[in-house]
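Engineer: One line per chain: the protein sequences are A and B, in this order.
In terms of our numbering, the first sequence is residues 2 to 254.
In terms of our numbering, the second sequence is residues 2 to 254.
Worth double-checking, as some hints may not be accurate.
Put simply, identical chains are the same to the list, so a pair is met inside one copy or across any two.
[Claimed, not checked] Taking lysine-lysine pairs in the PhoX-like style, the calculated list, with each CA pair at most 20 Å apart, reads: (1) K197 with K116; (2) K248 with K236; (3) K248 with K237; (4) K222 with K139; (5) K139 with K252; (6) K248 with K114; (7) K236 with K114; (8) K116 with K158; (9) K190 with K95.
These aren't lab readings, by the way, just hints derived from the structure by calculation.
There are 2 protein chains.
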Amino acid sequence: MINVVIIGAGNVAAHLYQNITAADGLEVLQVYNRTAEHLSFVKDLKKRCTRLEDLEKADLYLIAVKDEAIEEIAGILPDFGGLVAHTSGSQPLKTLSKFKNFGVFYPLQTFSKNKEINFRNVPLCLEANSAENLEFLKKAASKLSDKVFEVNSEQRKALHLSAVFVNNFSNHMYALAAEYCKLNGLPFKILQPLIKETAAKIETLPPYSAQTGPALRNDQKTIHDHLEMLEVDQKKIYTILTQSIQKLHGKKL
Amino acid sequence: MINVVIIGAGNVAAHLYQNITAADGLEVLQVYNRTAEHLSFVKDLKKRCTRLEDLEKADLYLIAVKDEAIEEIAGILPDFGGLVAHTSGSQPLKTLSKFKNFGVFYPLQTFSKNKEINFRNVPLCLEANSAENLEFLKKAASKLSDKVFEVNSEQRKALHLSAVFVNNFSNHMYALAAEYCKLNGLPFKILQPLIKETAAKIETLPPYSAQTGPALRNDQKTIHDHLEMLEVDQKKIYTILTQSIQKLHGKKL
């Protein structure tokens, strides 16, 4: 049994708590956060911890706080000897180098408050300061997820940037379309099957091959009509993305 | 039983053929295309038709050809009296006004050659030249799909443009991420669960509320780090989308 202390009370911490609690071979010992009220997701009251002095010795400490707060927490967290790992996509391993055993445990997924996520399908990207610690992290991670990857700090930064494109920017495409639908008296839900299928498609086709649309066909009439329909900011986005699709596919501009 | 003639042999025609063949109350009478070899998806040889002279009287003619070819086909297709509808998101209803009974039957989905699509979940956007013809189209459409919408030509154009954002542009975000992963020795599949969850999220949350990431948090350090990692074209895309997210969420730029 691997005992885990979770540091933090945000979405990642809450999802870690739920999934570790449900996993065989892992156990949440405590969840630490300065503010008690944010710990309401910790159903077992005995496991809530608001004072560093009350922290116990555990096998694994998972720091799931905002990127900016990791250094501060690392600075004040006592070294109990257990492995201390942060869960950030953008922070380097060395942020935790004050500890004897340290690593990274980055779940590559988007977490929201009211939507359950099953970690079995969440890629866990691991890094550690020694081969032994990496083995230990892999052992813990594989009790949670079927998708365990060894990813170094440079690669993790690249992954985090890729995640901005596929998550933040794609979601913004949905948001712009939702605005546009509203403007035209259309229910956004009419686009939901298309959104779902677009995401599902790339499980069988590489996104390069899945590309369709007026940019790829270089359908100047439709592109022109679309640009006429858009306001200045959206027109810029439409133009730059159309050019980028054409460039990637080696079309003449 | 509603008899249907399909005109065309592309992805939309092939998916219509499969779904109409499988549907109760609908039957494919013929599939027309000038080039015989493109009709290989029509398993029943008797239903393949390569000469306009051989076309038969049917209740419904569905024109599923490229946008540019609709006018030409409409020009040479005899008027048998059955309802003639095109399946395009961008062409107006009036393209078919030479017929007595005409309409639009626009399936709002992305179709690929080797990926089956169940039409029950495909929004069918309908328009017709009379209330009676619209009722007939609704009757036919509801035998295929649970998502039947009445959408006028202007709204359909707006939907088509929205589809470019949620499908073409989102897919391009995936494609850029795939390129970037390759460059950094990372398998693209590591991003697939995130892509799927990003698309699934907006079934329970409006995309505006589902937004996360450095742009929304106005996390200048991460934004700066990301821009440093990108080449000039991708840097422009990152910048314009970051600004657009911040503008939509009313952040100061």
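Engineer: Hints first: check each against the structure and report whether it holds.
Structural biologist: The hints, checked one at a time:
1. Taking CA atoms no more than 20 Å apart as the test, K197 paired with K116 passes in both settings, with 17 Å inside one copy and 14 Å between copies.
2. Proximity of K248 and K236 under a CA criterion of 20 Å is satisfied in both settings, with 18 Å inside one chain copy and 15 Å between copies.
3. For a Cα distance limit of 20 Å, the shortest separation of K248 from K237 qualifies both inside one copy, at 16 Å, and across copies, at 14 Å.
4. Neither within a single protomer nor between protomers do K222 and K139 lie at most 20 Å apart by alpha-carbon distance, with minima of 54 Å and 30 Å respectively.
5. For a Cα distance limit of 20 Å, the shortest separation of K139 from K252 qualifies neither inside one copy, at 44 Å, nor across copies, at 40 Å.
6. Taking the shortest Cα distances, K248 and K114 never come within 20 Å of each other, neither inside one copy (39 Å) nor across copies (24 Å).
7. For a Cα distance limit of 20 Å, the shortest separation of K236 from K114 qualifies neither inside one copy, at 34 Å, nor across copies, at 31 Å.
8. In the homo-oligomer, the alpha carbons of K116 and K158 never lie at most 20 Å apart, since the shortest distance is 26 Å inside one protomer and 33 Å across protomers.
9. Neither within a single protomer nor between protomers do K190 and K95 lie at most 20 Å apart by alpha-carbon distance, with minima of 45 Å and 27 Å respectively.
Against the hints set out earlier in the document, violations occur for numbers 4, 5, 6, 7, 8, 9.
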